[in-house]
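Top to bottom, those sequences are chains F and Z.
Going by full-length UniProt numbering, the first residue of the first sequence is number 1, and it counts up by one from there.
Going by full-length UniProt numbering, the first residue of the second sequence is number 1, and it counts up by one from there.
One should not assume that every hint holds.
Claimed, not checked - Here are the simulated lysine-lysine pairs, DSS-like style, with alpha carbons at most 25 Å apart:
#1 F:Lys-184 x F:Lys-265
#2 F:Lys-147 x Z:Lys-93
#3 F:Lys-238 x F:Lys-184
#4 F:Lys-349 x F:Lys-317
#5 F:Lys-122 x F:Lys-314
#6 F:Lys-165 x F:Lys-184
#7 Z:Lys-68 x F:Lys-373
#8 F:Lys-301 x F:Lys-341
#9 F:Lys-238 x Z:Lys-68
#10 F:Lys-215 x F:Lys-156
#11 F:Lys-349 x F:Lys-300
#12 F:Lys-301 x Z:Lys-93
None of these hints come from the bench; they were simulated from the model.
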Amino acid sequence: MVSESEDSETMKEEKTPKIPVWDLPDVPKGGLPPHLELQRTRVLCTFDAPTHTENFQYSGAYASMGVDNSLRLEEFRSNFRVEVISLTEDDMEFDMIGIDAAIANAFRRILIAELPTMAIEKVLIANNTSVVQDEVLAHRLGLVPLKVDPRLFNYKSENDEPNEKNTIVFKLHVRCERGSSRIKVKSNELKWLPHGSEFILGTEKAAADSTSKTKTYTSFNCSQDSLLEFVNNPIGPKHDDIILAKLGPGQEIELEAHAVKGMGKTHAKWSPVATAWYRMLPEIVFLQEIEDEKAEELVKKCPVRVFDIEDIGKGRKRATVARPRSCTLCRECIRGDDWDKRVALRRVKDHFIFTIESAGALPPEVLFTEAVKILEDKCERVITELS
Amino acid sequence: MEHGSFQDQSQATFSFTDEDHTLANSLRYTLNQDPRVTFCGYSIPHPADARVNIRVQTTGDPAREVLKDSCQDLMLICQHVRSTFDQAVMEFKSKKGLESMNIRP
């Protein structure tokens, strides 16, 4: 039996004429065959795991196919697109098309960790009889987003004197009178002190009588509200209704908070974004027509209503992909018997839906351009270091 | 800092302080797209040290020059991203401004 079947197979092989591989019609010249192109440009989301998730980066990856995978700046320039989807004061969503994940991720990482903002770093507590401990209160104050452009300030290193170019001072003095009910201390109680600290330095206190000018915790040369940038734009917390503490009758908080410039990689309070993230564009393809009951079933399967039904006449219905962007890749639509043979879930590897939620220091579109500038600066530094 | 040999300049390891995946991964991408590069990769020897090592091996050109060129490429990419983004935002703002003003042609 076995030998017989083998014989019949060799017979078949002899019948087909021998053609060199490169003459086969399914190898297009100057391009990749469709299955490789699919693997290169799409992540395939199958029912158990996503496949072909990696990017082929090596310039000679397709050399044997006669395809050049190297970076041509001209091609990047003609292919790259940005489409703004929504833009408000605090958040924006835009599509970045034709860029590699490595660079998109660099922008995201810079947005979160390497863009400077101002945040409260030092808290001088004169009096705190509330139930919130000093260090907890100081930590809460640090996390309050401040509405101030960090580009107008310098970094303050450890030995620097706090001055008007590197420090912002806030005062908080709240008292709950005896006999009244409990009160909430909110962030609008933080009062900006444009002249700097009002607390007199401890060592100077004894000598305060002899010297004409008492020394405080900051040494401002001029008032910050006289500076052009802040005349019409006073510094303060971004939100007025952040609860900092609650005071019972007879309790009091008196403190001064000093904000300095910093970066998100030191502490998250300096991160200028609430979050910044991207996702690849979902792509849903029907591998065969889905009609009538199957179409109804598919529409019911999807929890985010990606699919719609259209009439194709004669009382027949067909499923269509109406809102692919809202797909969360829950893979409900490819679950169950043979559904993965009808529907293919994919993601486009070079199409990023980028979302930036600003914490309030700068508008989101400015944050992004600043992030790109920082990556440029990094490159420039490497070039100067090497030459 | 460059670690390489004087005899063979086509391969070297570059060690950058105060850098992380942000720069190293984007540089690895641009390096890999350069046809002169036979191998490149990066590593962060210890997560507590702010240091990244980038290895570059080329077909013959000095690794230092190739790395500099890819930095240049990355910078040009960034500049293009920035100008395209600014333009897209401007267009969006002007379109939205017109819509809110309710001007009919």
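Consistency of the hints with the structure:
A C-alpha spacing of about 32 Å is found between Lys-184 of chain F and Lys-265 of chain F, which places the hinted pair above 25 Å, so the restraint is violated. A hinted pair counts as satisfied when its Cα atoms are at most 25 Å apart, and Lys-147 of chain F with Lys-93 of chain Z qualifies at roughly 22 Å. A C-alpha spacing of about 18 Å is found between Lys-238 of chain F and Lys-184 of chain F, which places the hinted pair at or below 25 Å, so the restraint holds. Note on Lys-349 of chain F and Lys-317 of chain F: the hinted pairing is violated, with a Cα-Cα distance of about 32 Å set against a maximum of 25 Å.
Distance check on the hinted pair: Lys-122 of chain F and Lys-314 of chain F sit about 75 Å apart at the alpha-carbon level, beyond 25 Å; violated. Of the pairs offered as hints, the one joining Lys-165 of chain F and Lys-184 of chain F is violated, with about 32 Å between alpha carbons and a cut-off of 25 Å exceeded. In summary, the hint linking Lys-68 of chain Z to Lys-373 of chain F is supported, as the alpha carbons are separated by about 18 Å, within the 25 Å threshold. Between Lys-301 of chain F and Lys-341 of chain F the CA atoms are separated by roughly 16 Å; this keeps the pair inside 25 Å, and the hint holds.
Distance restraint check for Lys-238 of chain F and Lys-68 of chain Z: the Cα-Cα separation of roughly 42 Å exceeds the 25 Å cut-off, and the hinted pair is therefore not satisfied. Of the pairs offered as hints, the one joining Lys-215 of chain F and Lys-156 of chain F holds, with about 19 Å between alpha carbons and a cut-off of 25 Å not exceeded. The suggested pairing of Lys-349 of chain F with Lys-300 of chain F is violated, with an alpha-carbon distance near 28 Å, which exceeds 25 Å. Using a Cα cut-off of 25 Å, the hinted pair Lys-301 of chain F and Lys-93 of chain Z is violated, with the two alpha carbons roughly 38 Å apart.
Checked against the numbered hints given earlier, this structure breaks hints 1, 4, 5, 6, 9, 11, 12; the rest are met.
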